[in-house]
Amino acid sequence: MRKGPSWFNVTSLVLGFSFLYLPIVLLVIYSFNESKLVTVWGGFSTKWYGEMLRNQQLLDAAWVTIRVAFASATIATVLGTLAALVLARSGRFSGRTLFSGMIYAPLVMPEVILGLSLLLLFVAIDQARGFWTIIIAHTTFAMCYVAIVVQSRLAGFDRSVEEAALDLGCPPVKTFFAITLPIILPGVIAGWMLAFTLSLDDLVIASFTTGPGATTLPMRIYSQVRLGVTPEINAVCTLLVAFVTVGVIATSIVTKRQEVQRQRDMRRAEAQA
Amino acid sequence: MAKKPIGPVRRSFAPWENPDAKPFIEFRNVTKRFGDFTAVDNLSLKIYEREFFALLGGSGCGKTTMMRMLAGFEEPNEGEIFLDGQNLRGVPPYRRPANMMFQSYALFPHMTVEGNVAFGLKQDRLPKGEIEARVQEMLKLVKLEAFAKRKPHQLSGGQRQRVALARSLAKKPKVLLLDEPLGALDRKLREETQFELTDLQAELGMTFLIVTHDQEEAMTVADRIAVMDKGRIIQVATPAEIYEVPNSRFVADFIGSINMIEAKVATRNGEATHLRASGFDREIVVDQQTEASVGDTVWFAIRPEKVRLSFDAPADGCNAVQGEIWDIGYLGDVSIFHAKATEDVVLKSTVANVTRTVERPISWDDRVWLSWDRDAGVILTR
Numbered sequence: 001m002r003k004g005p006s007w008f009n010v011t012s013l014v015l016g017f018s019f020l021y022l023p024i025v026l027l028v029i030y031s032f033n034e035s036k037l038v039t040v041w042g043g044f045s046t047k048w049y050g051e052m053l054r055n056q057q058l059l060d061a062a063w064v065t066i067r068v069a070f071a072s073a074t075i076a077t078v079l080g081t082l083a084a085l086v087l088a089r090s091g092r093f094s095g096r097t098l099f100s101g102m103i104y105a106p107l108v109m110p111e112v113i114l115g116l117s118l119l120l121l122f123v124a125i126d127q128a129r130g131f132w133t134i135i136i137a138h139t140t141f142a143m144c145y146v147a148i149v150v151q152s153r154l155a156g157f158d159r160s161v162e163e164a165a166l167d168l169g170c171p172p173v174k175t176f177f178a179i180t181l182p183i184i185l186p187g188v189i190a191g192w193m194l195a196f197t198l199s200l201d202d203l204v205i206a207s208f209t210t211g212p213g214a215t216t217l218p219m220r221i222y223s224q225v226r227l228g229v230t231p232e233i234n235a236v237c238t239l240l241v242a243f244v245t246v247g248v249i250a251t252s253i254v255t256k257r258q259e260v261q262r263q264r265d266m267r268r269a270e271a272q273a
Numbered sequence: 001m002a003k004k005p006i007g008p009v010r011r012s013f014a015p016w017e018n019p020d021a022k023p024f025i026e027f028r029n030v031t032k033r034f035g036d037f038t039a040v041d042n043l044s045l046k047i048y049e050r051e052f053f054a055l056l057g058g059s060g061c062g063k064t065t066m067m068r069m070l071a072g073f074e075e076p077n078e079g080e081i082f083l084d085g086q087n088l089r090g091v092p093p094y095r096r097p098a099n100m101m102f103q104s105y106a107l108f109p110h111m112t113v114e115g116n117v118a119f120g121l122k123q124d125r126l127p128k129g130e131i132e133a134r135v136q137e138m139l140k141l142v143k144l145e146a147f148a149k150r151k152p153h154q155l156s157g158g159q160r161q162r163v164a165l166a167r168s169l170a171k172k173p174k175v176l177l178l179d180e181p182l183g184a185l186d187r188k189l190r191e192e193t194q195f196e197l198t199d200l201q202a203e204l205g206m207t208f209l210i211v212t213h214d215q216e217e218a219m220t221v222a223d224r225i226a227v228m229d230k231g232r233i234i235q236v237a238t239p240a241e242i243y244e245v246p247n248s249r250f251v252a253d254f255i256g257s258i259n260m261i262e263a264k265v266a267t268r269n270g271e272a273t274h275l276r277a278s279g280f281d282r283e284i285v286v287d288q289q290t291e292a293s294v295g296d297t298v299w300f301a302i303r304p305e306k307v308r309l310s311f312d313a314p315a316d317g318c319n320a321v322q323g324e325i326w327d328i329g330y331l332g333d334v335s336i337f338h339a340k341a342t343e344d345v346v347l348k349s350t351v352a353n354v355t356r357t358v359e360r361p362i363s364w365d366d367r368v369w370l371s372w373d374r375d376a377g378v379i380l381t382r
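Chains S and E, in that order, give the protein sequences.
Each residue of the first sequence is one higher than the one before, starting from 1 at the first, in full-length UniProt numbering.
Each residue of the second sequence is one higher than the one before, starting from 1 at the first, in full-length UniProt numbering.
Keep in mind the hints are simulated off the structure, nothing from the lab.
Check before you lean on any hint, since a few could be wrong.
To be verified - Mimicking DSS-like on lysine-lysine, the simulated pairs with C-alpha atoms at most 30 Å apart in a straight line are:
1. E/LYS151 to S/LYS174
2. S/LYS174 to E/LYS172
3. S/LYS174 to E/LYS122
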């Protein structure tokens, strides 16, 4: 038996990770570029971060994006959780396949088509486009992701726990809030975070459904890049990457800790018995 | 069928023998179907107050459905269920005065032991002090006071089982339903807990209904047992009656080990019935009357511990047959001998190992006599 990874494994690992992360690393490095020219290194500087904070258009766009993401993620989480409950619980009913298919369809539907059809809908019902139409659009496509995440949590759910609550005198609606929701909460939160991130970086659907005064950050970045990439844009993107990375790492550390603690508790309980 | 007292039976508690006694729980012609499958088939059953009643049967016999209908998780398609005089039709589970202990325990994972036990009491909006006192009382009852602040995953299997028990007892239900309550415990703990359960039931004076597939468990804890098969009740009787006077081959076979010999009724004279079994030199005489007529095929059933083994022909030997030792199983407390009596009949005999010897007098291929008393076995007609 050989010890350690072979040169082949090391090479593929390095190549794979370079392919994934080199562009992002370059972006981060160039956000600290002194020079105004993106492709020429002019020494280390954080001035573009200051520049960015003085760019009112970018800040406005960021604020819109966060509000849209927050609202659409919240609505999508409520609707997606309900859909997941129906799919996991109601067993077989006529039209079940159609229903689940329709929930998952936006997963595979090209964004352009989704955006265009939503635009047509808003035009048809004569809805002024702007902040709220983006929220509705984002809710529609984020909902299916939430439904999938919550459904996977419900798959391992012991229904006798709910029956026990009913049996002890707790009416069904209260049982949902006192028992079911706390148990599936990790799935619901994960679904919310996924929906939030999806909304945060969506460009295509937002472009179709937006109106005056509701420009999201990806749209703003995209339109600025068309005029030429500035180090300022690199700075914004670096912050976005940092924001998402910190979120993901923090969540995984917390879940990992909880799991380890749980395993330790269980071993201890069995050892004492 | 002649019923005579068997064994040390204390008839201090036997409301089912009193025709005027009012049943506490009554299933009246209950049928439950799931699609094409009939889980419970036109079944009637009476359970009395303070009784420890067991529903016993293999998987899919309908015993769990019976319990779930009583708890309110399933509604019968036909028939009515009464609890303490109240017709339960249409009453949702959260308004029924019955509490259930689930097979999986179904503890609330996000609540402490205390929180779990207090949950049902909180639904009744009892004052806080009263809830706390009751929770403490329950935890003391199941000896878990020290674990009040723990979460379910911080407990061992046996402790979780006791939390589930405390939670289902906390509301002082009219009837406690136990769904395979000891299935997840290891054998030693299970045996201990069985006796704890009977003590608890006697102490609390509550009606307990247990569902189990484990005949030993049913016999240990229950006052009466209903043996079920394919949605029907085959026999309802005390453990001793079920064991000693089974009413059918199914019950005889399901409970414990038994020798079953197919025979024909030869003569019927008064108290005794003579049977003729193929390959047997002598008729089998049984002190039992039977509704079968002469010439009918019946089954003679006898428990292995009632079959004696000897090298010499038994003196009074009315029921005896010679056989060859075929197999020996040494279990420590008893030994099981399989003896080939005829071409198709292998009789089992269990002998208690009362002396401390390693050498056993009876060995493979020995010719032995198998004998039994005239009242040791029963005649089964179905």
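Going through the hints against the structure:
1. E/LYS151 to S/LYS174: holds (21 Å)
2. S/LYS174 to E/LYS172: holds (22 Å)
3. S/LYS174 to E/LYS122: holds (12 Å)
In summary, this structure violates none of the numbered hints.
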